[in-house]
Structures are given as structure tokens and as C-alpha cells.
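Visitor: Listed below, chain by chain, are the residues.
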Amino acid sequence: MIDELNYSLPSNLNDAYSQLQEIHRKPLAGATDIIPRLRRTKLPIDTLVDISRIREINFIREHETEIEIGALTTHSEITDSALLQSTAISLLEASASIGCQQTRNRGTLGGNIANASPAADTLPPLLTFDAVVHLGSLDGTREMPLSKFLLGPGKTGLAVGELIEFISFKKLNRYGLAYVKSGKRNGMSIAVASAAVAIALDDNGRIEDIRLALGSVASTALRCPRAEKILIGKPLTKTHFKKAGEIVYEDISPIDDVRASASYRRSVAAALVMQVLSIAEGRLN
Amino acid sequence: MQTISITIIVNGKAISLRCAANQTLLDVLRDELGLTGAKDGCGGEGECGACTVIMNGKAVNSCMVFAGQADGANIETIEGLARGEELHPLQKAFIDAGAIQCGFCTPGAIMSAKALLDQNTSPTEEEIKEALSGNLCRCTGYKKMIEAIKIAARGGSANDR
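Protein sequence lines correspond, in order, to chains A and B. Under the numbering used here, the first residue of the first sequence carries the number 63, and numbering increases by one thereafter. Under the numbering used here, the first residue of the second sequence carries the number 76, and numbering increases by one thereafter.
Since the hints were made in silico from the structure, they are not lab data. On a predicted model such as this, the values are computed, not experimentally measured, just so you know. Glycine residues also receive a C-beta, built at the ideal position from the N, C-alpha and C atoms.
Some chain A residues judged to face chain B by a derived CB distance under 10 angstroms, without partners named: (1) I64; (2) T94; (3) T136; (4) Q164; (5) R166.
What the simulated footprint calls covered on chain B by chain A, stretch by stretch (three residues with Cβ under 8 angstroms from a Cβ of chain A suffice, anywhere in the stretch; the number is not a length): (6) 113-123; (7) 132-139; (8) 198-212.
Pair ranges (Cβ atoms, derived): (9) B/S80 x A/E118: 21 to 27 angstroms; (10) A/E312 x B/Q77: 49 to 55 angstroms; (11) A/A158 x B/I84: 26 to 32 angstroms; (12) A/S281 x B/L162: 50 to 56 angstroms.
Taking the hints into account, I'd like the entire structure generated from these sequences.
Guide: Laid out in C-alpha cells, this is it:
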């Protein structure tokens, strides 16, 4: 049973901002995360402000050099997007791996980001895109890099009265992209560990740029700067992929929880790093 | 307690009602409208798919939608599938293929299958499995459900494999 609470339906984005001025009023989008949490625990929420039908922040847009995705875009909409299939395959893979069809039909990208679960599937690929989070409020808009926005489990840079309006990232035309996840089973599983990569080569076939991100191995999804650094300028060989996996194994500090032990996560993360690098290699033009 | 007024189109019929703000679409269907085909199998965790209905053409867990969020929506439930005495091809195929045992997960599984077939009239086995991945079954298993959905997609009977 869900405790008593109030529900309100703002008519547009500005109305939503007006209604979200007080700390106990929370935005409601796909509801796939908030409903189970409301059933389990008493949350400091007196009103849910239903933003799920605000069309202004439900879009996937292509500009010359950038892609923008509205916060209310559902995981199904991401998975079905031909544009994202060709420009952001790793994000598409992450969205497709979330829950089940029913959950993907309701759950939104903005919700996945704002909930800031360490296991959130879309965060590792977005971190490899150097994605920027665009926030709005009655005071206007501001933006911050996703890596700065994520502060801890469930903690973000979102202020009271603010919403994520959209995220943006530069097109990665020359890059090979991939996302892999290890869970207990395919359908419905929360990641035990996950990895995303974006990799570009120079004219000599050596790694010019690499961005590697992991999920479920720390308090937030995060990039792996030391592993990235060791791979720059190197050819794509199994030896170097293995080395990157070993560095990740040393650098991360995962926790024991109901899904897996810390030591298992460490080993899985190292294996995922090798796997994701191989998949991205196969996608380089 | 705050109550809200909503109008939902359930199986083609517009219904206006007042409900509590903390009720879900599943609560409204079962407790207010007496449509008990959609089941609560996991206590509202979004884990089991027994409460699956089709909302605006998409399969959703009705326990994961607040009643207010369904205001104005077109909702299809298992009760809307048969035409009088005549079962929907998916219902018939589930029976013909032996895809029903205790029946608790069946309404949800059939609605997931309907959402799939409404979009894709000849799904692959992988697509069928993906569409059913959010519907847990604890007795019959999935092989017969997959077979049933293939039969319904072919518009044929179990004998016509």
C-alpha cells in the first residue's frame, strides 16, 4: 500500500516549476522507481507533481554536431530510435537492457539519471559521451557535465525546484561504441557490473581517444582515467585490453550487496572491460 | 485524503470516476471497476508482469502507473479481448497450446503478447521471448506460451504447425 499523498498535474513546464518550489514536492515521470520505493519506505514526499505528459521535454533531436535527448524520453523510445541506433548505439544497448518491455515503456532517461543509482544502465554510456545535463527552473536554465552532476547513490546536483530538461552530447562519428552488462539473468536484472566505451583511432590505427566508464562498482557510475591513459597511443591488442582490465581491477572499490560480492564484482568488471573493448573495436569503421 | 477525478477509456468505453491520489491504475481496475483479470503478483514491485495491461498501445505494468497518470488514456485489459462468446485468437491459442496452468500470469502474458502482435504481426522467437521477459510464470513455463503466440501470429490453430 502506498501512503497517502497528493497528486498534481501541471499543464506545462513552467507550471511544473511553479509547483516544485517546496522540498516535499517531487517530480513524477515514469513512476517505475518511485512506486516500489513508496511501497517499501516512508519517503519525505507529500505531493507528486506529474511531469510525465509534458511534451516540451520529450524529444530526440539531431543538430549538426550534437544530439539532444529530452528527459521524458522513454527507454522504449530510445531503443526504437533510428537516429540513436546510428549515433549512440551504446546508449541504445543500455536502455534496451533495462527491466522489461513494460518498464521500458514507462521509465524515462531523465528518471534514470536523476535517481543516480550506481547501477543505472544509461549512465556509463552517457559518461563516455561526455554528456551535459541541462537543468531548468523558474530562474532559467543551467548546465553541468554529467560527471559533476552525479554525487552519490541517489544524490545529484539537482536543486529544489529544478528538473532535468534534456541531455546533450557531441556526435562521436569516428568512434566505436559499446555497452555490456552482467546481471543474474537477462530479463529484469539490475547490473552486477556494467561497462561502456567510446574509442577512436588515429591514422596509424592506434588509440587516439578512449573513454571507459563503469557502473555498479562505486557509489556512482564513473570513468576510469588510469585505464584510459594507459590505452592512449596503443594498438588494439588483447594484451592492452587485458592490461586495462587489470588496472580497473586494482582501481575500483565495489561493495558487497545482495546481488554480488565485492570480489566477484571486481573480477566481472575486469572481464567486462576486455569484452566491451573488443565489441567497440569491431564497430570501428 | 486527496481524491482526484479521472476519465479512462477501458476496452473502448469511457469511464469517469473519483479515486484516491495514491491509487494505481491496477487498484482502479480491480477495486473500482471490478476488472480482476489483471493480477497483483508481486506486491507492486513491477517485477512479475501479472498486472500487464495495454495503455495507449503499449504494454505497461498497471501497478506502476498512478491513476492520475492514466487520465485520458486508452486502456485495454484481458476482459476486452473476447467478442461475446468468441475468444480472441491469443486466448484460443493459449488454450490450444496448453499454455495455461494455474492461470494467474495468463492475463498479463496475453496482454504482453497482444501489445507485441499489434506492432509486429510476425515476430521472431527472440522477439516473443523479449516481449514476455517481464511476465513471470511459475508453473507452465514459457515454451508453450511462445508456441501459443506463434500460433496466434499465424492466425492458425495448434494442429496447423
